[in-house]
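Enquirer: Listed below, chain by chain, are the residues.
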Amino acid sequence: MVALADGMMNTQASAKNKGSMKEAPAFFDEMRSADGSIRPAYQKIADWMGRQSRGGMARKQEEAEAIFRRLGITFAVYGDNASNERLIPFDLIPRVIAAQEWRFLERGIEQRVRALNLFLYDIYHRQEIIRAGRIPADLVVGNEAFLPQMMGFDPPGKIYSHIVGTDIVRTGENAFFVLEDNLRTPSGVSYMLEDREAMMHLFPELFAAHRVAPVERYPEMLRQTLESVAPPCCKSDPTLAVLTPGIYNSAYFEHSFLADQMGVELVQGSDLFIENGTLYMRTVSGKERIDVLYRRVDDSYLDPLAFRSDSTLGVPGLFDLYRAGGVTIVNAPGTGIADDKAVYAYVPDIIEFYTGEKPILSNVPTYRCSIADECHHVLDNLSHLVVKEVHGSGGYGMLIGPHATKAQLAEFEKKIKAKPSNYIAQPTLNLSTCPSNVGAGSAPRHVDLRPFVLVGDKIRITPGGLTRVALKKGSLVVNSSQGGGTKDTWVLED
Amino acid sequence: MLGRTAASLYWMSRYIERAENIARLTEVGYRISLTPDIGIGHREDWKSTLIAAGSYEAYLERHSEITSEKVKHFLLFDRDNPSSVRSCLETARNNARAVRTALTREMWEALNSTYIDFASVRPADLGSGKLPEFLDWVRQRSALFRGSMLGTLLRDEGFHFSQLGAFIERADNTARILDVKYYVLLPTNETVGGDIDAFQWETILRSVSAHRSYRHVYKDRYRPWNVAEFLILRPEMPRSFCFCYGWIERSLEGMSDIIGKKTASLTEASSILHDLKTIPMDAIFQSGLHEFLTEFLKRNNSVSAHIANDFHFL
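The listed protein sequences derive, respectively, from chains X and Y.
In terms of my numbering, the first sequence opens at residue 54 and continues consecutively.
In terms of my numbering, the second sequence opens at residue 10 and continues consecutively.
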């Protein structure tokens, strides 16, 4: 019997809050209702947890780690020289999403992704949304993430962001919020797939007892998506390739994993060259043409002639070739403007403007430090807020007010005052918790969710996604770069 | 297949083969250091081990004297020595990581788990007789990798480049071992047949795990010209020049079929194989064993350079 090691602690944000339990927020527990009863979707999981011995779970945990390490599913942590190849901790207890909950999320995500692609097309063409006064012009065209080179260009299918990882957090029974849209080069899908592999290997009996929606079709769907946006000049079966910065990139495992699963080449900039209006890769027999390039290299490194001239990760002339319709780059350059944290606050307006519908999924309330009133509010309430850099990602350059030291608060105050437009702030979210396997049994830990969306000839959303879990007790930071882990995520079918 | 992928597979296999050969050479060096001094001098033998490993100069750049401990550490663990077993495994794994998609899962797991396990070995733990067990382990891991490859890899480009890397490296290694000791193999040697010589010949054969198979083939005591012939011309000896070039030619023919044209590397490899099949051992001794080996090493390097060029390694 696995004890609920700190089962009653789920009402505490952290040890720091111990003195003020009454004010502490009650976190939404995805397995247990407030009255302690088990929610229907978790019933069999709870029964199963009750049958596991602590030693048995510890052995399974070791087995899981051995599987991941042998497969080389590691990631690099920047600025951590001692062990620059680490495993992302894997949590054995799956996160379960009921069928009707998923249907709701799916509708909301699809609406959002559709609207954001329409927004991208618009701002790189007539900019109707700016003319209509729904979003300030300088927020868009004055934004570092806006790519003037994309103006007037029609990408195949008018799709900009083909591969999306929408970060969603839950704070209550029916309270889901989109935290980030991740429209550039979202990662994590390989963990979703390998977590499922590992779970099926470790606990086949659990799958026999549930109807879990499969995720294994993702690579096939990715392939179909990429093929559907081949450039118009491509008359035969398009040749696809995945472009990686190389083996030292933190997501290299994923790049090679996806190339392998799709059965396409994993290329680096040095493998590619352009000749007579065609992108080629250097092969043992000379060269082979590439039609669609799924790049996992940032915009600024794609082409030294168009962007950063010191980049050796890209291909000289790639951007011109793209604009001439000789190759499709996925995701399109310039999508960063739509998942910019300053633009984020406008996404509900964006959805209404392009779809005429109310947003299905809510935004997290966001204060823009670029606006004087909101900035004041942020500075006055710094210790209650999460402050993010507008262009940052991966949990770097972030302040979590309630957990910050005085010195950190003072440092951020200075930073915000120096460049207000570089920051946004959001209330600390009471992220929901899921039971997680911790050393002394199971205990609730905070989670978020990144479903993976593919946009091509149609929108394909893999049921579930990647659940990230903050394994440190009380922690709300789920980023793997900050010590978070992952869980297999189950969408139950009716 | 990408030229870079081909290059990575080629070098991955070369470095795994090299790790195995270094382990074998170290084992022989270690055996000699345990043998009562019979007048050949242990220092000299570690020196020839270093030369055979192609690491003598690199060693002297870092160490002023040759001692068992220092040589062993240099050959097995030293990151500054690009041919230490540790460096070889790291380079092999980095190459493998760069072309994960071209490897089977079993090949990757064999190599990756070797790398992981090696990282947890502390040189200090290898004292008091544990070294042979460790060296056995290195050879077993290399064998596991090769077995995984032979058992699971499609017989297409990837297989050919892996084979080419392994056999170019192996031919190079056998030639170096012979060259270090060529003088004891010369038939003109006055002391032929003495205990020291017999010991030296056995050393050579042990370095290529051939001291027993020799007896099966020759049914005779160790004779220097037989040892040389065994390692150079015998097509059934899996580390001989002739055997290596048989496979090198086969893989280059396979590649020529795939890309639809005959490459310079194939022409050169075929010519080497033809020479090995037709030249008698007497002729090699007459023109000078050392000269023959030097020439062979040069041609072997040249084939390697041609392969890189023919298949767009860069």
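It should be emphasised that the hints constitute simulated quantities derived from the structure, not laboratory data.
Among the clues, some could well be false.
Stretches of chain X that chain Y covers, calculated by requiring three or more beta carbons in the stretch to come under 8 Å of a beta carbon on chain Y [what the hints assert, rightly or not]: (1) 115-124; (2) 307-316; (3) 336-348; (4) 355-365.
For lysine-lysine, the following BS3-like pairs were computed, each having C-alpha atoms within a straight-line distance of at most 27 Å [claimed, not checked]: (5) Y/K270 with X/K340; (6) Y/K271 with X/K340; (7) Y/K228 with Y/K286; (8) X/K411 with X/K511.
Just so it is clear, CB atoms sit at the ideal spot from N, CA and C, and this is done for glycine as well.
Enquirer: If a hint holds in the structure, say so; if it does not, say that too.
Expert: Each hint, compared with the structure:
1. 115-124: That given contact holds, which follows from 3 residues of the region 115-124 of chain X lying within Cβ reach (below 8 Å) of chain Y.
2. 307-316: Holds, because 4 residues of the region 307-316 of chain X bring their Cβ atoms closer than 8 Å to Cβ atoms of chain Y.
3. 336-348: Three-residue rule met by the region 336-348 of chain X, so holds; n is 4.
4. 355-365: violated (count 0)
5. Y/K270 with X/K340: With Cα atoms ~15 Å apart, Y/K270 and X/K340 stay inside 27 Å; holds.
6. Y/K271 with X/K340: Judged against 27 Å, a Cα distance of about 17 Å means the pair holds.
7. Y/K228 with Y/K286: Judged against 27 Å, a Cα distance of about 22 Å means the pair holds.
8. X/K411 with X/K511: Holds, at about 22 Å.
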